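A.B. asks: Residue-level listing of the chains:
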Amino acid sequence: MIIKNGTLVLRDGLVKKDVLVQEGKIVKIADNICVDGETVVDASGLHVFPGLIDIHVHLREPGFERKENIESGAQAAVKGGFTQVCCMPNTNPVVDNKVVVSYIKTRAKEVNLCKIHPIGAITKGSKGEELAAIGGMQKAGAVAISDDGVAVKNARLMYNAMLYAKGFGLKCLCHCEDKDLVDGGSVHEGLSATIAGIKGIPRAAEDVIIARELSLAEELDCPVHICHVSTYSGVRLIRDAKRAGVKVSAETCPHYFAATDEVILGYDTNTKVNPPIREEKDRLAIIEGLKDGTLDCIVTDHAPHHADDKNVEYPLAAFGISGIETSLGFTLEYLYKTGVLTLPQIADKMSYQPAKVLGLDGGEIAEGEVADFTIVNVDEEWTVDSSKFVSKGKNTPFNGYKLSGVVKYTIVDGDVKYTA
Amino acid sequence: MLKRKDVLGLIDASEEEISEILNLAAQIKRRIQNGEKKMDDLAGKTATVLFYENSTRTRTSFEQAAKYLGATTINIVAGNSSVAKGETLVDTGKTLDAQRNDFIIIRHPMGGAPHLLAKTVKASVLNAGDGMNEHPTQALLDMLTMQETFGSLKGLKVAILGDIKHSRVAKSNLFGLKTMGAEVRMYAPETLIPRSIDKLGAKVCGSREEALDGADVVMGLRIQLERQQAGNFPSLGEYAAFYGVDEKMLSYANPNAIVLHPGPVNRGVELSSGVIDHERSRIEDQVLSGVAVRMALLKLLNEYREANA
Chain A
1 MIIKNGTLVL RDGLVKKDVL VQEGKIVKIA DNICVDGETV VDASGLHVFP GLIDIHVHLR
61 EPGFERKENI ESGAQAAVKG GFTQVCCMPN TNPVVDNKVV VSYIKTRAKE VNLCKIHPIG
121 AITKGSKGEE LAAIGGMQKA GAVAISDDGV AVKNARLMYN AMLYAKGFGL KCLCHCEDKD
181 LVDGGSVHEG LSATIAGIKG IPRAAEDVII ARELSLAEEL DCPVHICHVS TYSGVRLIRD
241 AKRAGVKVSA ETCPHYFAAT DEVILGYDTN TKVNPPIREE KDRLAIIEGL KDGTLDCIVT
301 DHAPHHADDK NVEYPLAAFG ISGIETSLGF TLEYLYKTGV LTLPQIADKM SYQPAKVLGL
361 DGGEIAEGEV ADFTIVNVDE EWTVDSSKFV SKGKNTPFNG YKLSGVVKYT IVDGDVKYTA
Chain B
1 MLKRKDVLGL IDASEEEISE ILNLAAQIKR RIQNGEKKMD DLAGKTATVL FYENSTRTRT
61 SFEQAAKYLG ATTINIVAGN SSVAKGETLV DTGKTLDAQR NDFIIIRHPM GGAPHLLAKT
121 VKASVLNAGD GMNEHPTQAL LDMLTMQETF GSLKGLKVAI LGDIKHSRVA KSNLFGLKTM
181 GAEVRMYAPE TLIPRSIDKL GAKVCGSREE ALDGADVVMG LRIQLERQQA GNFPSLGEYA
241 AFYGVDEKML SYANPNAIVL HPGPVNRGVE LSSGVIDHER SRIEDQVLSG VAVRMALLKL
301 LNEYREANA
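Listed in order, the protein sequences are those of chains A and B. No gaps in the numbering here: position 57 of the first sequence is 57 in the working numbering, and each next residue is one more. No gaps in the numbering here: position 230 of the second sequence is 230 in the working numbering, and each next residue is one more.
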């Protein structure tokens, strides 16, 4: 395969060159490559990104196939431009042993769209009581561990988890949430919560556990990854820890840099997400954190739900936004067009850093690398319409939002898996 | 004239709308006081009272209002209906609509539930209290009592003391009273004050004396024992000592000040018995104001429905 006439988004800048792909690898990057018999992907007027990687998605299989399954999730992923995704273990059964890890790997191979890496649970059943079979899961292909959806309540158990997982080269991906402070809240605790009369979740519910995980990571000299940062104060905690040399990486999601808590007024349950969408000062701090490198990755926390899970009273509705098909569009509209990040910086947040955090292949366009690409018309505008999602989860509060950037091709290991 | 299908809250009610409701309610109240309890404005209409929370006062008040207007009323208590079998609010609403209900009066423990129902059904939805959100008819009846006492709401100083954080009554009163030009003061332990309530125009006071100084209306809100158990204050006794209103505290208010409470009252906690039974207490008068306000709303909503049928 030859990708011709595109603008390559490299680590250090943009360059107009052709790419020759053979046997799933990038073999040559040069001007005017011509090889007889190779298929040609015409990328004229398009940008060629390294294949985007989302290290935080929920594919719901096994157990919640009504919300999403590995096939529909993978279809949504490649439509959104993702060549690799890492799926969280809060399925039914929970991914807490090698059997479930192998099941997901097998299904991913059958579906054969993007690469799917299972994340194992930290504790059995994600109940926070005993360690899950971390070693066995790593051998079966788990790329990290997380009790995403809840924080491990017992700090000593988390201490042990970090240390034990380090022995298998696995990182803890920390969902930071103090349940006592959440106390049944379902939106950000602030003016909008007061207006709507819905119980709020204070920033401190997230921050105290971020602080705890940073403290454990420092104490144990273990690398740790903080999931879906939503608070300005959380950004500051992570920034300070990084400066002090703590081995921490962190992620945020498009809804935290694109929206504020006023979206909850009107009780659209599709705005309900955990952690909650917060205030303008948080939104600006998230953007600043992305800019200065405090926040390494943009992930979606793609959380598809069935309409029935959302068509109920706000406090009863499920948490989560179906976001994998809008992630790049939000990033280009809110971070690139506004001048916050350059295209190479966006590739860094959505491909290079995610690969680095979990030690995955890919993440950059360079000779010898895997041939994963996301080819995008960066300037093409489009409007969010969830009825057109290929994900089973139509739960987005962003219908009607104008976004930028349309994925034209998603290429995985040298095979075109999606064409617009 | 009131131009809306539903009455979900006072957050977006205009001064004209509130005046229209209060003026009509005042007329109706006088008619009831003169013994006239049979009207036929809602003859042939059905009103369903759908309560997901316990209530005596509000439920019977709505039922009475609909009956005085000649409507057929149906009473659904969530505990012994299909709701108890796990039916969703949306499905319950669809059933009630299929039965050609004209009005659904809903009380629900969660904010926004009436809004969800209103989006689902053709019937007019009246919010009889939703979680910590709003209780518009309670605020309107409070305002009716205030207007009858002082002639106008403009410039009135209203002091609200009690569990403001969990109170839909405080919020609806705040929205309504601010729209009508009154001053709303609040005082409670900070654990019982909602975040950023000052940004909605409430004056959060630093002491009882400050809240009550020259107040025209003193409104107590119920302090529930469960709030103590959740750690919002140490004991009902400590609450009464530092945050309750007794006759001595009442003396800081305007000599003509009236005392209101949406009930049920915890005697000796938020208000002392001396204050509850004080000659300036209008707590009992609020009950009749409640029936009148609910009749006025039903009548206005019905007129809107007929004009838009």
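Calculated from the structure, these hints are not laboratory results. Worth double-checking, as some hints may not be accurate.
Stated by the list, open to error - List time: in silico DSS-like cross-link candidates among lysine-lysine, alpha-carbon distance up to 30 Å:
# : chain 1 : residue 1 : chain 2 : residue 2
1 : B       : LYS85     : A       : LYS127
2 : A       : LYS388    : B       : LYS178
3 : B       : LYS119    : A       : LYS402
4 : B       : LYS122    : A       : LYS310
5 : A       : LYS139    : A       : LYS127
6 : A       : LYS394    : B       : LYS85
7 : B       : LYS94     : A       : LYS388
8 : B       : LYS5      : A       : LYS310
9 : B       : LYS178    : A       : LYS281
Computed from a predicted model, the values in this text were never measured in an experiment.
A.B. asks: All hints, please: hold or fail.
C.D. replies: Against the structure, the hints come out as follows:
Pair hint LYS85/B plus LYS127/A holds up; C-alpha atoms about 29 Å apart against a cutoff of 30 Å. With a C-alpha separation of about 44 Å, the suggested pairing of LYS388/A with LYS178/B is violated against the 30 Å cut-off. For the hint pairing LYS119/B with LYS402/A, the CA-to-CA distance comes to about 26 Å; that is within 30 Å, so the pair holds. Restraint check for LYS122/B and LYS310/A: the C-alpha separation of about 21 Å stays at or below 30 Å, so the hint holds.
Restraint check for LYS139/A and LYS127/A: satisfied, since their Cα atoms lie roughly 22 Å apart, inside the 30 Å limit. Between the alpha carbons of LYS394/A and LYS85/B the distance comes to roughly 28 Å, so the proposed pair stays at or under 30 Å and holds. A hinted pair counts as satisfied when its Cα atoms are at most 30 Å apart, and LYS94/B with LYS388/A qualifies at roughly 27 Å. Between LYS5/B and LYS310/A the alpha-carbon distance is near 24 Å, which keeps this suggested pair within the 30 Å criterion.
Distance check on the hinted pair: LYS178/B and LYS281/A sit about 28 Å apart at the alpha-carbon level, within 30 Å; holds.
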